[in-house]
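> Chain residues, written in single-letter form:
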Amino acid sequence: MPILEGKGVTKHFGGLAAVSNLDFNVEQGEALGLIGPNGAGKTTLFNLISAALVPKSGTIRFKGKNITGLKPYKICRMGVARTFQTVKVFANMPVLNNVTLGSYFGISPGLSSSDAAVKASEILEFVGLSEVKATPAKDLTLANQKRLEVARALATNPELLLLDEIMAGLNPAELAQAMELVTRIREKGITIVMIEHVMKAIMSVCQRIMVLHHGAKIAEGTPQEIATSKKVIEVYLGEKAHAGS
Amino acid sequence: MVKILDIVIAGLLMGGIYALIAVGLSLQYGVARVLNIAHGEFIMLGAFISWSLYTIFGINPLVSLAICGPLVFIIGFILYRTLFTSLRNSSASPAAFEGNSMLASFGLLFIIQNVAILIWGADIKGYSYLAFSVSFGGAKFAANRLVTLGVAIIIGLVFYLFLARTRLGKAIRAAAQDPSAAGLMGVNINQVLALCFGFGALMAGLGGTLISISYQIQPTMGLEYTVIALIVIVLGGLGSIPGSFIGGFLLGLVGSIVTYIQPGLSLVAYYVIFMLLLVAKPTGILGK
Amino acid sequence: MGIVRVISKRSFVLGLSLLILILLATSPLYAPLYTVILLTSIFMYVIITVSWTMFSGPTGYISLASAAFFGVGIYTSAILGKALPLPLVICMGSLVSFCLALLVGALTLRLRGIYFVMFTFGLVELLLHFILWWEVNITGTTGRVVPTVSNTTVYYLMLIIFVILMLTAYLIKHSKYGLALQSIGQEEDAAAHTGVNVTMVKVMTFAISAFFMGAAGAIMATRWTYIDPRIAFNPLISFLPVLMAIFGGMGQLCGPIIGAAIFTYLEEFLITRFPYYYMLIFGIIMVVAILYMPDGLVGLIQKLWKRISERKHADT
Chain V
150 MPILEGKGVT KHFGGLAAVS NLDFNVEQGE ALGLIGPNGA GKTTLFNLIS
200 AALVPKSGTI RFKGKNITGL KPYKICRMGV ARTFQTVKVF ANMPVLNNVT
250 LGSYFGISPG LSSSDAAVKA SEILEFVGLS EVKATPAKDL TLANQKRLEV
300 ARALATNPEL LLLDEIMAGL NPAELAQAME LVTRIREKGI TIVMIEHVMK
350 AIMSVCQRIM VLHHGAKIAE GTPQEIATSK KVIEVYLGEK AHAGS
Chain P
1388 MVKILDIVIA GLLMGGIYAL IAVGLSLQYG VARVLNIAHG EFIMLGAFIS
1438 WSLYTIFGIN PLVSLAICGP LVFIIGFILY RTLFTSLRNS SASPAAFEGN
1488 SMLASFGLLF IIQNVAILIW GADIKGYSYL AFSVSFGGAK FAANRLVTLG
1538 VAIIIGLVFY LFLARTRLGK AIRAAAQDPS AAGLMGVNIN QVLALCFGFG
1588 ALMAGLGGTL ISISYQIQPT MGLEYTVIAL IVIVLGGLGS IPGSFIGGFL
1638 LGLVGSIVTY IQPGLSLVAY YVIFMLLLVA KPTGILGK
Chain B
912 MGIVRVISKR SFVLGLSLLI LILLATSPLY APLYTVILLT SIFMYVIITV
962 SWTMFSGPTG YISLASAAFF GVGIYTSAIL GKALPLPLVI CMGSLVSFCL
1012 ALLVGALTLR LRGIYFVMFT FGLVELLLHF ILWWEVNITG TTGRVVPTVS
1062 NTTVYYLMLI IFVILMLTAY LIKHSKYGLA LQSIGQEEDA AAHTGVNVTM
1112 VKVMTFAISA FFMGAAGAIM ATRWTYIDPR IAFNPLISFL PVLMAIFGGM
1162 GQLCGPIIGA AIFTYLEEFL ITRFPYYYML IFGIIMVVAI LYMPDGLVGL
1212 IQKLWKRISE RKHADT
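Chains as they are written, first to last, in this note's numbering: chain V, 150 to 394; chain P, 1388 to 1675; chain B, 912 to 1227.
Don't read these hints as lab results, they were simulated from the structure. Because the structure is a prediction, the values reported are computed rather than measured. Note that the Cβ used here is the ideal one computed from N, Cα and C, for glycine as well. There may be inaccurate statements among the hints.
Said to hold, decoys possible - Straight-line distance between alpha carbons at most 25 Å, and here's what the computed PhoX-like set of lysine-lysine pairs gives:
{"id": "1", "chain 1": "V", "residue 1": "Lys223", "chain 2": "B", "residue 2": "Lys1084"}
{"id": "2", "chain 1": "V", "residue 1": "Lys268", "chain 2": "V", "residue 2": "Lys282"}
{"id": "3", "chain 1": "V", "residue 1": "Lys220", "chain 2": "B", "residue 2": "Lys1087"}
{"id": "4", "chain 1": "V", "residue 1": "Lys268", "chain 2": "B", "residue 2": "Lys1084"}
To be verified - Footprint (simulated), chain B over chain V, 3 or more residues, beta carbon under 8 Å:
{"id": "5", "region": "217 to 224"}
{"id": "6", "region": "235 to 249"}
{"id": "7", "region": "254 to 265"}
So that you can see chain V by itself, here it is in the shape it has in the complex (with noise of 0.2 Å):
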């Protein structure tokens, strides 16, 4: 059974879809890259997932439970977990309490606040960020934001962590490094959904890859076939995208 699968989802933005007819299946412990054009549906696809916006139709079931039209803060619980495009770190609050609220309520049943400390902790040290633990989160470089973001939705016990486009605008030293952590995110056995315009990360880092256009899906495969997929290539030098190799 797949752990994420969507049947039929579609998102109307005023007379626009931004996502069509969507069909999809995520598999436990994989990491499916999703890609496409600018405006193809991908963020709104996860806003969807993860319940910041209701489908208009269609159905979206985590390991066969029937998500739609839950509450975010419930779906959290559930063990889906997200960064956002646009980094939402709690700018005035010191690195640790950012990762904090993500174990004191991202995890159901609660943790007690100083297991909740202790599993903070932990996690800032498997992302590499202890040594910034005190300071405020506005304070830090872009590229440790975005690990913060990370952290925190690790914290909330994730099975289905779902990244946009967390290697954007970062140099090659970031990047490898950003590579690194998916792949040992991967190792813990979480299962990976990501966005991304860095065609490099997401070829070396996927086994499977989505292509949306139009807010519908115009092919699936492995990275090689997408590659070479003919209909993904026009699609993209039709538009001006971002190949990050």
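Given the coordinates of chain V, work out where chains P and B should sit on it, guided by the hints.
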């Protein structure tokens, strides 16, 4: 049948004033992004300036529309150029600006009300103008209220044409849709926002003049009108100027019906509508 | 070395607070009646301001309904005062305010903050009109007479509510809910996606803050022998706590206390000397505070302190 006509027309009369003041607040919040909770105080200023012009200089209130409007416009414009522009530049984000400007307008509420009390005293005032009744379809209406309705509709139409046909009007509509894009198109956004705020105050001043024609006035009268204007802009849809205009008339009708059934409960009825909107359709009739 | 400094700072603050508390608790014994009455007024504004800050401070949802909850407390006291003993009346006043806040919260806190601001702003006027209508049409009387209570009793009751409030505010602030409230104020969507039931946290905190405002209202009602809707639902009571919190500074718990204390004293002073100007002066202070004091007085002092201690370190 006569009763129904009575109620409907009374509702439209009040609705005309509601429509004007709501359009004013919609300009200030929808475009200039200031939730001006001192809006009612500008209405009160318009009312009192008209009162003074009439009782001291004998100036016809319909004429004083041309004086009150621009006066209150200037006050609003200057306030935006100084206070609110300063806040815009010092606020960390648009959300912070909205919060800060709302709080600053809260301060303005108390400043303006106190100044009015100092100038005019705290008592209820009024004057008599066109206070005779006119027969219309078998029912009697006060001439001054009919005139008020007529003027409100004319002002609404003039403003609509202004927004639709003139260059400045188009700039305002552009700024309402997307201030940064409008700025990139060469619209002097600071000027336009200040003008919008000023026009909002203008509407309030005109509304106040019209109110003073038919009703008694008092320096503390503003709050109730601010609350009504807030409900109307939610009813019409936040950000929609035509919505506020229509919403004003709708709410006036509701008020008239409720006053017929149980006088004194109209504000309560407005709040019930507010609550229903929040539960069912917060975006209002024409809202995005 | 640093840890020792932190510990002594905390026990210093604790010791100082206890001392002040003892002084306050014994003051009716040695202070003139005027001071006790002034202190009672200060407690009233401190309670409303700290309650207001408890919710609106971290979340950024500006409530303009303080006068509504305070007024509900007053009216509950007026209605039940003859029938029930005072402690029960105070509980009822708090509970009714609490329930009203739950209703308002449930309606508005699911939506964007602007609806909350608008709804709370009109709530005072709404209750005023409603109760006026009720009194004219249903009960036939305007206003009510409240049974009086001695000044000392009022003082002690307010002191007790103040202490309970400070404990509550402190506990909330330093618990996971305090963290949740802050996160809601900074990035509400992210908080929701991190597992925080944002609506529940907002509504409950809002209701708790209303609880204390209602209690204060129920007690203070006994100071005015006669109350009517216009006395009970006074927009100034919605305005002043906001001013006091902004002026005092919303970052720390002591900010609203300092702001409330200063402004209550200022209000007493202004009402007697310049009764026609005090609204104007407060309005101007509000505008100035928003323009030039974003972190309030406490924030200003903290900044100065930092600058002084940085200079000290630069010298060494």
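> Hint by hint, say whether it matches the structure.
Hints, verified against the model:
1. V:Lys223 <-> B:Lys1084: holds, 24 Å
2. V:Lys268 <-> V:Lys282: holds, 13 Å
3. V:Lys220 <-> B:Lys1087: Satisfied, since the Cα-Cα distance of roughly 20 Å is no more than 25 Å.
4. V:Lys268 <-> B:Lys1084: The given pair, whose Cα atoms are some 21 Å apart, holds under the 25 Å limit.
5. 217 to 224: holds (count 3)
6. 235 to 249: holds (count 8)
7. 254 to 265: holds (count 6)
In summary, the structure agrees with every hint in the numbered list given earlier.
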